[in-house]
Amino acid sequence: MKIFRKEFSLLFWKEMILEFRNLAGIQSIFLYTLSTLFLCYWAVHKLEGPEWVALFWIILVFSAINAVGRSFLQESSGIQLYYFGVAGPASLLLAKMVFNALVLLSLSAVLLFLFCITLGFPIHQTGPFLLCVLLGVLGISSAFTFLSGLSSKASNNLTLFSVLGIPVLLPLIFVVIHFSVNTLSSSLGDFGKDIMALILLNLLIPSIATLVFPYIWRN
Amino acid sequence: MLNFLKIAWWKWLGAFLVLFSLIIGLATPLAPGITETHPATSLSGDTVRMDVKTVNAHFKSKPEGIQAALSLEKHFLVKAIQIQALNENSLNLIFILPGTYSPGKGKVDLADLELATDYDGLLVLRQALEIKPNPDTTKILNLKTKVNLGLDTKLKIKNLGPEWFSFPNREILYESVRNLFFHVAMWPSMFLLFLISVIYSIRYLRNGNEEYDRIAAESVQVGLVFATVGIITGSFWAKFTWGDWWPNDAKLNGTAIAILFYFAYIVFRNSFAEEQQRAKFSAVYNVFAFPIMFVTIMILPRITDSLHPGNGGNPAFSNYDMDSHLRIGFYPACLGWVLIGLWILDLRLRIRKLEYRIEEI
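Residue numbers (our numbering), protein chains in the order written: chain A, 1019 to 1237; chain B, 215 to 575.
Because the hints were derived from the structure by calculation, they are not lab data. Worth double-checking, as some hints may not be accurate.
What the hints assert, rightly or not - A few chain A residues facing chain B, derived, Cβ under 10 Å:
| no. | residue |
| --- | --- |
| 1 | F1131 |
| 2 | S1169 |
| 3 | P1185 |
| 4 | L1229 |
| 5 | F1231 |
Said to hold, decoys possible - Just a sample of chain B residues kept apart from chain A, beta carbon distances all over 12 Å, derived:
| no. | residue |
| --- | --- |
| 6 | D260 |
| 7 | V262 |
| 8 | V269 |
| 9 | F379 |
| 10 | W401 |
| 11 | S415 |
| 12 | I416 |
| 13 | W451 |
| 14 | W456 |
| 15 | T510 |
| 16 | D560 |
| 17 | Y570 |
Values in this document were obtained by computation on a predicted structure and should not be read as measured data. Ideal placement from N, C-alpha and C gives every residue a C-beta, glycine not left out.
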């Protein structure tokens, strides 16, 4: 356990340092998000209700695909051999998951802020909505990290990653959007079921991924 | 010939069961039901002469125990004082509505029509007659005359359902209840095939035996066929009962997601050139995807609202329970399609094995 924690923190800080050393990576994601947002803003100028929710999550999901997809795919094969010799599969996977979660959380914070400025904020129940965003982002990042690891070895990487990613994402998105739309109304609804579903998915995805990742570790 | 029969007995059984369920499903008549009544409105205190048209009934040939009543709001019935059967499916009924009955200020009462015979069981048409309070108080005869209105609390019926073999005639569904054998019977086989694929994926990851990987891949493909047929039949059913080719229903969406999952699995497999890598990675994806798919199809619809019976607490379907007559067709259909699915899988595996052997040579 101690070794795991050490490996995990080392790998995690390595990711952070690498990203900040060459800021181009993060900058490109933010640019992508911003440009998409402005495109949508010029098209509609102001949004209410379910359309707001839908647009928010669409932009977030597709930015996530770009952001997380790069995490495994841009590593050269030399580095991967190094990982294999140095660390265990679970620690690498979890380190990347946590790092991607942080990236996505900051991305969603920026996106939310810009959405409020440009398109308005029709959400009446802010607390539950923020919880929804948090849980959704965690789920997305863990699922995508695992899938990018899975598709790193195949030919046609990024396309394949998208092809794999969208179906896996759908149950999560279904619950998240259902939850978000419920927070639009000002009446206090029953969020328990949605929260339970999100927590269930959030526990399920990383655990299965961690269980299964060692099998492809060799490759 | 006999040897073949002995080895492949389950294939014969599967074919027979599917054929059996097909015949039972299509040939069994629906239980009798009331299609229309005339007039639709009346005033309290009136004498109503009602024409009733039914379907699949036997009022002329087997009229034993025939009773008819209007069920009013406060749990009491007004029995018909005269019942005349014009032909098998057409009746004339005479009711005298109680004049003292009025449903309350501004409310309109809708009475249900209940018909019963010994042979045909109980037929009900909900909200058959609208009873408005009579403004003309002189018309209210029953206060003065002592006509036996036939008020009662319940009809004494011998059989709730018809004596002959039939399928329940439910509102919204009507004849399409037969789709139970074609649509719902697909799901056990699909689920079993996906389960087989996951089990063999896990076994492959443990052993590395290539055969297991082939079984996993093939069962996914056959399972997808069943899933697609299931969704198409479900879509037809939805159009006829709920009005939409694709209503926004959680279970449908869940199944569509499952199909997307497994299509992605096939695409994933095809993108690997090398066999060993392909097998390993696709096994990993399969194990990853299966629990998520399971959660999506089984658990999520129960949490959120759904049109399907048994999920989301939809009141229109709350009395949709499996009739014992339906069970006779349904269980064989499920088992039959499972066996057929396994037969298809078996054939495909043998083809793959032969292809593999040819390649090796």
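Here is how each hint holds up against the structure:
no.: 1; hint: F1131; verdict: violated, 30 Å
no.: 2; hint: S1169; verdict: holds, 8 Å
no.: 3; hint: P1185; verdict: holds, 4 Å
no.: 4; hint: L1229; verdict: holds, 8 Å
no.: 5; hint: F1231; verdict: holds, 8 Å
no.: 6; hint: D260; verdict: holds, 46 Å
no.: 7; hint: V262; verdict: holds, 45 Å
no.: 8; hint: V269; verdict: holds, 41 Å
no.: 9; hint: F379; verdict: holds, 42 Å
no.: 10; hint: W401; verdict: holds, 18 Å
no.: 11; hint: S415; verdict: violated, 10 Å
no.: 12; hint: I416; verdict: violated, 10 Å
no.: 13; hint: W451; verdict: holds, 22 Å
no.: 14; hint: W456; verdict: holds, 20 Å
no.: 15; hint: T510; verdict: violated, 4 Å
no.: 16; hint: D560; verdict: holds, 28 Å
no.: 17; hint: Y570; verdict: holds, 22 Å
When held up to the earlier numbered hints, the structure conflicts with 1, 11, 12, 15 and fits the remainder.
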